[in-house]
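Protein chains: 2
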Amino acid sequence: MPTPPLAGGLGGPAALRPLIDTVLTALHDGATLRDGPLPAGGPDTVTPRTRTATHPLIPDHGTGPHHALRNLVTALAAGAADPAHPHCAAHLHTPPLALAAAADLAASALNPSMDSWDQAPAASALEADLTTALAAEIYPHAPSPDAVITTGGTEANQLALLLARERHGPVQTICGANAHHSITRAAWLLGLPEPVAVPAPTGTLDLAALDEALTELHRPLLVVATAGTTDTGEIDPLDAIADLCATHGAELHIDAAYGGPLLFSPTHRTLLHGLDRAHSVTLDLHKLGWQPASAGLLAVPERHHLTPLHHHAPYLNADDDTEAGLPDLLGRSLRTTRRPDALKIAVTLQALGRTGLADLIDRTLATAHHLADLVTKNPALDLYDHPTISTVLLRPTGADDHTVATVRRTLLQRGHAVLGRAHAEGRLWLKATLLNPHTTPQDLQALLDLITDTTADLLTGTTTDLPADHLTRPPATPTATHPTPHPTESDTPR
Amino acid sequence: MPTPPLAGGLGGPAALRPLIDTVLTALHDGATLRDGPLPAGGPDTVTPRTRTATHPLIPDHGTGPHHALRNLVTALAAGAADPAHPHCAAHLHTPPLALAAAADLAASALNPSMDSWDQAPAASALEADLTTALAAEIYPHAPSPDAVITTGGTEANQLALLLARERHGPVQTICGANAHHSITRAAWLLGLPEPVAVPAPTGTLDLAALDEALTELHRPLLVVATAGTTDTGEIDPLDAIADLCATHGAELHIDAAYGGPLLFSPTHRTLLHGLDRAHSVTLDLHKLGWQPASAGLLAVPERHHLTPLHHHAPYLNADDDTEAGLPDLLGRSLRTTRRPDALKIAVTLQALGRTGLADLIDRTLATAHHLADLVTKNPALDLYDHPTISTVLLRPTGADDHTVATVRRTLLQRGHAVLGRAHAEGRLWLKATLLNPHTTPQDLQALLDLITDTTADLLTGTTTDLPADHLTRPPATPTATHPTPHPTESDTPR
Numbered sequence: 001m002p003t004p005p006l007a008g009g010l011g012g013p014a015a016l017r018p019l020i021d022t023v024l025t026a027l028h029d030g031a032t033l034r035d036g037p038l039p040a041g042g043p044d045t046v047t048p049r050t051r052t053a054t055h056p057l058i059p060d061h062g063t064g065p066h067h068a069l070r071n072l073v074t075a076l077a078a079g080a081a082d083p084a085h086p087h088c089a090a091h092l093h094t095p096p097l098a099l100a101a102a103a104d105l106a107a108s109a110l111n112p113s114m115d116s117w118d119q120a121p122a123a124s125a126l127e128a129d130l131t132t133a134l135a136a137e138i139y140p141h142a143p144s145p146d147a148v149i150t151t152g153g154t155e156a157n158q159l160a161l162l163l164a165r166e167r168h169g170p171v172q173t174i175c176g177a178n179a180h181h182s183i184t185r186a187a188w189l190l191g192l193p194e195p196v197a198v199p200a201p202t203g204t205l206d207l208a209a210l211d212e213a214l215t216e217l218h219r220p221l222l223v224v225a226t227a228g229t230t231d232t233g234e235i236d237p238l239d240a241i242a243d244l245c246a247t248h249g250a251e252l253h254i255d256a257a258y259g260g261p262l263l264f265s266p267t268h269r270t271l272l273h274g275l276d277r278a279h280s281v282t283l284d285l286h287k288l289g290w291q292p293a294s295a296g297l298l299a300v301p302e303r304h305h306l307t308p309l310h311h312h313a314p315y316l317n318a319d320d321d322t323e324a325g326l327p328d329l330l331g332r333s334l335r336t337t338r339r340p341d342a343l344k345i346a347v348t349l350q351a352l353g354r355t356g357l358a359d360l361i362d363r364t365l366a367t368a369h370h371l372a373d374l375v376t377k378n379p380a381l382d383l384y385d386h387p388t389i390s391t392v393l394l395r396p397t398g399a400d401d402h403t404v405a406t407v408r409r410t411l412l413q414r415g416h417a418v419l420g421r422a423h424a425e426g427r428l429w430l431k432a433t434l435l436n437p438h439t440t441p442q443d444l445q446a447l448l449d450l451i452t453d454t455t456a457d458l459l460t461g462t463t464t465d466l467p468a469d470h471l472t473r474p475p476a477t478p479t480a481t482h483p484t485p486h487p488t489e490s491d492t493p494r
Numbered sequence: 001m002p003t004p005p006l007a008g009g010l011g012g013p014a015a016l017r018p019l020i021d022t023v024l025t026a027l028h029d030g031a032t033l034r035d036g037p038l039p040a041g042g043p044d045t046v047t048p049r050t051r052t053a054t055h056p057l058i059p060d061h062g063t064g065p066h067h068a069l070r071n072l073v074t075a076l077a078a079g080a081a082d083p084a085h086p087h088c089a090a091h092l093h094t095p096p097l098a099l100a101a102a103a104d105l106a107a108s109a110l111n112p113s114m115d116s117w118d119q120a121p122a123a124s125a126l127e128a129d130l131t132t133a134l135a136a137e138i139y140p141h142a143p144s145p146d147a148v149i150t151t152g153g154t155e156a157n158q159l160a161l162l163l164a165r166e167r168h169g170p171v172q173t174i175c176g177a178n179a180h181h182s183i184t185r186a187a188w189l190l191g192l193p194e195p196v197a198v199p200a201p202t203g204t205l206d207l208a209a210l211d212e213a214l215t216e217l218h219r220p221l222l223v224v225a226t227a228g229t230t231d232t233g234e235i236d237p238l239d240a241i242a243d244l245c246a247t248h249g250a251e252l253h254i255d256a257a258y259g260g261p262l263l264f265s266p267t268h269r270t271l272l273h274g275l276d277r278a279h280s281v282t283l284d285l286h287k288l289g290w291q292p293a294s295a296g297l298l299a300v301p302e303r304h305h306l307t308p309l310h311h312h313a314p315y316l317n318a319d320d321d322t323e324a325g326l327p328d329l330l331g332r333s334l335r336t337t338r339r340p341d342a343l344k345i346a347v348t349l350q351a352l353g354r355t356g357l358a359d360l361i362d363r364t365l366a367t368a369h370h371l372a373d374l375v376t377k378n379p380a381l382d383l384y385d386h387p388t389i390s391t392v393l394l395r396p397t398g399a400d401d402h403t404v405a406t407v408r409r410t411l412l413q414r415g416h417a418v419l420g421r422a423h424a425e426g427r428l429w430l431k432a433t434l435l436n437p438h439t440t441p442q443d444l445q446a447l448l449d450l451i452t453d454t455t456a457d458l459l460t461g462t463t464t465d466l467p468a469d470h471l472t473r474p475p476a477t478p479t480a481t482h483p484t485p486h487p488t489e490s491d492t493p494r
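Residue numbers (UniProt numbering), protein chains in the order written: chain A, 1 to 494; chain B, 1 to 494.
Honestly, I wouldn't trust all of these hints.
Here chain B is said to cover these stretches of chain A; the calculated rule only asks that three of the stretch's residues, wherever they fall, bring their Cβ under 8 angstroms from a Cβ of chain B [what the hints assert, rightly or not]:
(1) 59 to 70
(2) 98 to 107
(3) 200 to 212
(4) 235 to 243
(5) 380 to 389
(6) 419 to 433
(7) 440 to 454
Anything over 12 angstroms on all C-beta distances counts as not near chain B; from chain A, calculated [claimed, not checked]:
(8) 35
(9) 92
(10) 216
(11) 217
(12) 249
(13) 273
(14) 302
(15) 369
(16) 377
(17) 459
(18) 461
Using C-beta positions, here's what the derived DEER-type ranges look like [as the list claims (entries may be wrong)]:
(19) 202(A) to 216(B): 55 to 65 angstroms
(20) 208(A) to 169(B): 34 to 44 angstroms
(21) 51(A) to 425(B): 31 to 41 angstroms
(22) 55(A) to 452(B): 29 to 39 angstroms
(23) 196(B) to 218(A): 27 to 37 angstroms
(24) 40(A) to 240(B): 53 to 63 angstroms
(25) 310(B) to 373(A): 34 to 44 angstroms
(26) 218(B) to 302(A): 38 to 48 angstroms
(27) 55(A) to 386(B): 38 to 48 angstroms
Keep in mind that the hints were calculated from the coordinates and are not lab data. Treat the numbers as computed from the prediction; the structure is a model and nothing was measured. Positions of the beta carbon are idealized from the N, C-alpha and C atoms, including for glycine.
Hey, can you work out the whole structure from these sequences and the hints?
See below:
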């Protein structure tokens, strides 16, 4: 076999062209084979089928690029839960825009690494401008807003806790019971005290309980509020929380991984009032920004807040190189090698502009409101609440939690729909996180029909196409390693 | 503007095709404009040019996808340090294979997220098989080898220290003075004691000094050895270090980010003897594996060693879902949303096979040996040593450190070559990290000619094409935040 061609250089584009043609054909073939939001049959079917199609992963003699691309990409597409399908709506799992995926190809081909200027001359300039511009969207009145690009909200939240730790020592984090799991995980990682969870009985952080916690706990304190919760897409009362933090001398981090991009919508940005009072803000453009993973951000109002990330490695940022004018980029991340995620984000923002992005956001939120309206009109379904952003919780009227969980798994198992789950008001709900701006009212009605039909099937026992154990398995016995997190969740079969 | 199309679904490939055509044309145009390994002029030229070409990043009204892609991708390519150019050889900054970059497009288009099965049915099966297969390459005799995919060696090293901390509490890390900077950074991040640095006067960790440190320090201890150092590409005496660790009851982590893929070469794998005695191993396939960033791995000999990463988030891995057979993937990373980097790696391994990958590795190492031979034959250049992997240190004969640093910056400034720098034997060297399997002997000779010609220019003062301050700037004054790390480095101008 001749030495396989590289993606870069003058010859790269010509080498890529036929390979990409194979990839696009395989993506289409895989989607045709799948024929729905995800393959039917669950892991018991998909895992062995994928394994067979891709075996052997490390052959002695290669099968050549076209065969391997056709083989593996077809298998991946045939076995995908494709967020571009309107019935794939479980998670904050966005369907990427074609233009963003196309831009990301250039990042792969050129392979700039963001840890030193001499690996990314133009990419580092682009990233610096983009992070400054995005930080200024979040902190329009701050003296020197800045941001660093992360692998997502989880890393951004981790950095927020790390920066607080470096400013104040072993800071005590206080977050709502509605906060993302990454807050607790970050505290564990960083050797910080376990976060104190303030109740959020109505879905948002309870202000009286927060006031009490701030009064009782010793400083230094870091409050984490959420703008767009994972379970219900609600937004904590940011401005009132900022007031309490100011009163008690606590710092505030806002996890706006989900809700942050509402800033681009003149219609919806008022939902984020108070966001710019935070010491740091998490934002993910691989959620309401339609980027392929990953496109996370941590923003701060003043550039010098990022100083604790500065780091010295003579091969990357020797003093005399820095002194001679080579930018020192190592302190822009905890990673070293780092992909230029700024490119796809910048292409998207320039291609769409503020108005185009606002249109996508407004369209998506309107879709969610329409789904909620359809639920309220359907006597077989209960609605949790009208959505704040684009998360709609619903459940079959009168169903117990076990049935709700089984409806979700049955839809998955049949390959009919990918819905999430969330606890609220002591009950389990089906969760539809709408992120697809192309979803139509007909798609939404079809999704509700799938839910009600599946519920009826389950309750009348006409689910003979499913393995019995997926429906009648007895409640899980909690183990030491996996304690039941929500004692309110009833697993008792009807 | 109509709602822009998505990358996924049945219509995605057709939407992607014209956009990708624009990207490939822009990559070619940018490479033509650049006409070399990197643009000339340094940051003072590249940064404003990039800024002008890409301004405004967030316009009110979008310019449309083709304009934005053409504009930004051309700017990025024109301003790239392209590792596919044979004279771009500073860092472990690989030129990706076209087939790997093409595979990565499918990851962007489908956007599976690896944190739950219902976002990545086939991708999670593929990742599980791939990580098991790669771990078995590293630990061929272990009972249940496993690995997790990381953003690179930095995250893998961080996980290694984290796993040791979770097993033993506040573990004391001992590493060589030749270890990667990420070891120290990981200890800081995790709240662990600062690593003890054992001397590595000849480039590899000194065994007597390690023995002494292991004797003096209190357990629990974690020794970090390096297989492929950043500065010289040398490999610590792994087997002897494993013996010392066994004697003293210390654990061993091996950072084989660079050298690990030598396992695939029957010719060179003996260099890694002892690798499988480590409690964990870091490996980066975005170095000697020709993947676009990122493609890191942390491997362990027994699956249960990864248990401390297990994590519970009811929306992703509810007990009853796990009990019903949905795989629990959240514990495969500290990240939540996570790109399927397994795809490009699997495509590469299947396309090339062991023999094809071994051929790339052998070819690259032969290139490095050829460069070293050329240096030894050149009276104007000194060679540090024959390369162990593919890193060649050289310096103009008789030059002082300031001249060496200036030669490097001059080559960068002129857009002629991207070379790294490293300290060894108390002196500063130019570093060529060869990772391009297409580099020819003629390319290498031309690179050496560039070095000797530039040195002659500098020493005879014929460098009028450069801004004066890039050559005559006085030595940097060490600051509190950036102390000079190597007191042996002389910055005194001649």
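Taking the hints in turn, this is what the structure says about them:
Only residues whose C-beta sits within less than 8 angstroms of a C-beta in chain B count toward coverage, and the segment 59 to 70 of chain A has 10 of them, enough to reach three; the restraint holds. Here the segment 98 to 107 of chain A counts 10 residues with a CB under 8 angstroms from a CB of chain B, which clears the bar of 3, and the coverage holds. Counting residues of the segment 200 to 212 of chain A whose beta-carbon sits less than 8 angstroms from any beta-carbon of chain B gives 0, not enough to reach three: the coverage restraint is violated. Coverage of a stretch by a chain is defined here by at least three residues with a beta carbon nearer than 8 angstroms to that chain's beta carbons; for the segment 235 to 243 of chain A and chain B the count is 0, and the condition is violated.
With 0 residues having a beta carbon nearer than 8 angstroms to a beta carbon of chain B, the segment 380 to 389 of chain A misses the requirement of three or more and the stated coverage is violated. With 5 residues bearing a CB less than 8 angstroms from a CB of chain B, the segment 419 to 433 of chain A meets the requirement of three and the coverage assertion stands. Check on the segment 440 to 454 of chain A: 0 of its residues sit with their Cβ under 8 angstroms from a Cβ of chain B, so the three-residue criterion for coverage is violated. Not every beta carbon of chain B lies more than 12 angstroms from that of residue 35(A), the smallest distance being close to 9 angstroms; the non-interface claim is violated.
For residue 92(A), the shortest C-beta to C-beta distance to chain B comes to about 8 angstroms, within the 12 angstroms cut-off, and the non-interface label is violated. Chain B leaves residue 216(A) outside its interface by the beta-carbon criterion, the shortest separation being 25 angstroms against a cut-off of 12 angstroms. Consistency note on residue 217(A): stated as away from chain B, and its beta-carbon is indeed over 12 angstroms from all of that chain's, at 20 angstroms minimum. The beta carbon of residue 249(A) sits about 24 angstroms from the closest Cβ of chain B, which is more than 12 angstroms, so the claim that it is off the interface holds.
Against the 12 angstroms criterion, residue 273(A) stays outside the reach of chain B, whose nearest CB is about 21 angstroms from its own CB. Separation of residue 302(A) from chain B is adequate, the least Cβ-Cβ distance of about 16 angstroms exceeding the 12 angstroms criterion. Against the 12 angstroms criterion, residue 369(A) stays outside the reach of chain B, whose nearest CB is about 17 angstroms from its own CB. Interface exclusion of residue 377(A) from chain B stands, the closest Cβ pair being 26 angstroms apart, more than 12 angstroms.
At roughly 18 angstroms, the least C-beta separation between residue 459(A) and chain B is larger than 12 angstroms, which holds for a residue marked as non-interface. Here residue 461(A) stays apart from chain B, with its beta-carbon at least about 18 angstroms from theirs, past the 12 angstroms limit. Residue 202(A) and residue 216(B) have their C-beta atoms about 58 angstroms apart, which keeps the hinted 55 to 65 angstroms range intact. Remark: the range hint 34 to 44 angstroms for residue 208(A) to residue 169(B) is upheld by a beta-carbon distance near 39 angstroms.
Between residue 51(A) and residue 425(B) the C-beta distance comes to about 51 angstroms, which lies outside the given range of 31 to 41 angstroms. Here the CB-CB span from residue 55(A) to residue 452(B) is close to 52 angstroms, at odds with the stated 29 to 39 angstroms. At about 34 angstroms, the beta-carbon gap between residue 196(B) and residue 218(A) stays in the expected band of 27 to 37 angstroms. Against the hinted window of 53 to 63 angstroms, the Cβ-Cβ separation of residue 40(A) and residue 240(B) comes to about 55 angstroms, which satisfies the hint.
The beta-carbon spacing between residue 310(B) and residue 373(A), approximately 40 angstroms, falls within the hinted interval of 34 to 44 angstroms. Between residue 218(B) and residue 302(A) the C-beta distance comes to about 42 angstroms, which sits within the given range of 38 to 48 angstroms. Distance hint for residue 55(A) and residue 386(B): a CB-CB separation of about 41 angstroms, consistent with the stated range 38 to 48 angstroms.
Violated hints for the displayed structure, listed by number in ascending order: 3, 4, 5, 7, 8, 9, 21 and 22.
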